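For the record, the sequence lines run as chains P and V. Per this note's numbering, the first sequence starts with residue 3, numbered consecutively. Per this note's numbering, the second sequence starts with residue 3, numbered consecutively.
To be clear, the hints were calculated from the coordinates, so they are not data collected in a lab. These figures come from a predicted structure and were not determined experimentally. Some hints could be false.
[Said to hold, decoys possible] Derived, one-sided and incomplete: chain P residues facing chain V with beta-carbon distance under 7 Å:
#1 Arg92
#2 Gly213
#3 Thr218
#4 Leu219
#5 Leu223
#6 His226
#7 Thr227
Even glycine gets a Cβ: it sits at the ideal position worked out from N, Cα and C.
Number of protein chains: 2
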Amino acid sequence: MRFLSEQRLDDGIVEREFTLGEIPGTLWTPASASASAPVPLILMSHNNGLPKAQPRLVARARHTAACGYAVVTIDAAGCGDRPRSAEAERTRAELGRAMRAGEPVDEIFEALIGPLVENAVPEWLTTLDAALELPEVDDGPVGYTSWTALGIRLAAVEPRIKAAGFFAGGYVPRAQREEARQLTVPLLMLLQWDDEGNPRRRALELFDTFGSKEKTLHANLGGHTGTPWFEAEDGNRFFGRHLK
Amino acid sequence: MRFLSEQRLDDGIVEREFTLGEIPGTLWTPASASASAPVPLILMSHNNGLPKAQPRLVARARHTAACGYAVVTIDAAGCGDRPRSAEAERTRAELGRAMRAGEPVDEIFEALIGPLVENAVPEWLTTLDAALELPEVDDGPVGYTSWTALGIRLAAVEPRIKAAGFFAGGYVPRAQREEARQLTVPLLMLLQWDDEGNPRRRALELFDTFGSKEKTLHANLGGHTGTPWFEAEDGNRFFGRHLK
Chain P
3 MRFLSEQRLD DGIVEREFTL GEIPGTLWTP ASASASAPVP LILMSHNNGL PKAQPRLVAR
63 ARHTAACGYA VVTIDAAGCG DRPRSAEAER TRAELGRAMR AGEPVDEIFE ALIGPLVENA
123 VPEWLTTLDA ALELPEVDDG PVGYTSWTAL GIRLAAVEPR IKAAGFFAGG YVPRAQREEA
183 RQLTVPLLML LQWDDEGNPR RRALELFDTF GSKEKTLHAN LGGHTGTPWF EAEDGNRFFG
243 RHLK
Chain V
3 MRFLSEQRLD DGIVEREFTL GEIPGTLWTP ASASASAPVP LILMSHNNGL PKAQPRLVAR
63 ARHTAACGYA VVTIDAAGCG DRPRSAEAER TRAELGRAMR AGEPVDEIFE ALIGPLVENA
123 VPEWLTTLDA ALELPEVDDG PVGYTSWTAL GIRLAAVEPR IKAAGFFAGG YVPRAQREEA
183 RQLTVPLLML LQWDDEGNPR RRALELFDTF GSKEKTLHAN LGGHTGTPWF EAEDGNRFFG
243 RHLK
C-alpha cells in the first residue's frame, strides 16, 4: 500500500489516498488510531462501478471512521475512474437504452454486473490483506458494507469478514443469488421501499434467501438516495456489536 | 390515578400499580424523574388482550423507562385479567379450534379483535390524560408502542401521539387497515420474519399502507417471541428522535 497523500480533516479523521499495484484506493482512519490502539477494518464498496470519490460514499466513510473504524474503499477493475472494456461500455449503453424503452433488463444486468463482481473480488481481497498489515488497523474481525453482489461473494469466500451490511439488492447476479444461501455472518440489509432501480419484491426475496441466522432488514420510505441519516448510525451500531 | 403500590427496583426504576376507575394499570418511571425534570410518556400496550404483568412486556417497559421515559400500561376492557364477555370467550374458543384445524381465521380475528380495539381505545385515552397530569411526566409529545391495531386507532384519533412503534401486524381489523392510510406520525414497525401467527405478506402490505412519510421497517429472522435484544435499543432511539 503506497500512500500518495495524507490529509487531516476537521472531524479528526485522517484521509489517505493510496495505490496498491494498479488499484487506487482511499483509507480513512481516526487520527487517534495507532499500533497500541488499533481500530477494526470496514471495507466500503460502491455499487455498479461508481467512483470511490462519490460524495455520499465519502460522507458515510468519514462518519463511520469517526465511530472508531478504519474504512477502506477502492476503484476495482472496471469501476470508478478505472478503464472500462469496450464490451462493458457497450453493455452499459444497452442497459440505458433498455431501461428508457421499459424493456426487461435482467440479462443485461447479468452481463454487466457478473463480470464486474468477478473482477472486483481479487482486488478487494488484496486490499483487505494490505490494510490489515497497517499497525493502526486491528487484525481481528473485518466488516463489509454497501454493494450487495460484491459483498455476498466476499463474505462467502473470506472468513475474516464477520459482519456485512448490504444496500438495495434489487439486481444481483445469479451466482451471488446462489451464494447468498451459504452466508453465515450476521447481516444488516438496508432497503429503500420505493427504490426506482431496485424492485422491492426481489430485495425481499434476497433477504429471505440469506443463510445467516442473524439477519436484519431495515426498510425506509423513499427512493434510492433517500436513506435517512439515522441508518448510518444504525449501521455503525451493527458493526459495533460484531467487530468490537 | 389512584396508586396502590410503589416499588423502587434495582435498575433505578419506580414501579407503581394504579387504578383509574375500573382500569388497572402500571406506571414505570426513572427514580430521577421529577416536576423539574419530567420525562416523556410512552403508552405500552399488549396485543390481543395479554395481561399487563406479562414478563416480556414488563422487561421492555423497565428497559424503556431506564432510557428516560414514563411508561404506562393497562389491562383495558376485556384484556389481561379483566372480565371477558361470554361472546368474546366463545370467539376465542372458535379461533383456537379453527387454527388447530388449519381453517381460515380472518373473520374470527375480525370478530374478536375489532371489539377489543373499540373498547380499549377510550380507556387508553383516559390513561393518557391522567398520566400527563403527573408532575414527573412531561406534557409534550407522547409515544405509543406495541399492539398494532390499537396503536393505529390511537394515533389516528389522538394528536398528542407523535411517534408510534408497531409490532407484528399480521392480523389487523378492517377498520384499522383503513385508518392506517390516515396516519402521519413517524412509525417504526417491527416484524419477525417467521412469525407463526402473523403472515409476513400481510405485515408488509400493512407497512406499505401507512400514510406516514417517515416510516421504517425492522425485520429479523425468527418467530414471534424471537425479537433480538438490540431492537429494544433501536426502539428507544426512535423515540429519542421524536419525543426528546
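Status of the hints after comparison with the structure:
{"no.": "1", "hint": "Arg92", "in the structure": "violated (38 Å)"}
{"no.": "2", "hint": "Gly213", "in the structure": "violated (10 Å)"}
{"no.": "3", "hint": "Thr218", "in the structure": "holds (5 Å)"}
{"no.": "4", "hint": "Leu219", "in the structure": "holds (4 Å)"}
{"no.": "5", "hint": "Leu223", "in the structure": "holds (5 Å)"}
{"no.": "6", "hint": "His226", "in the structure": "violated (16 Å)"}
{"no.": "7", "hint": "Thr227", "in the structure": "violated (16 Å)"}
When the structure is compared with the earlier hints, violations turn up for hints 1, 2, 6 and 7 and for no others.
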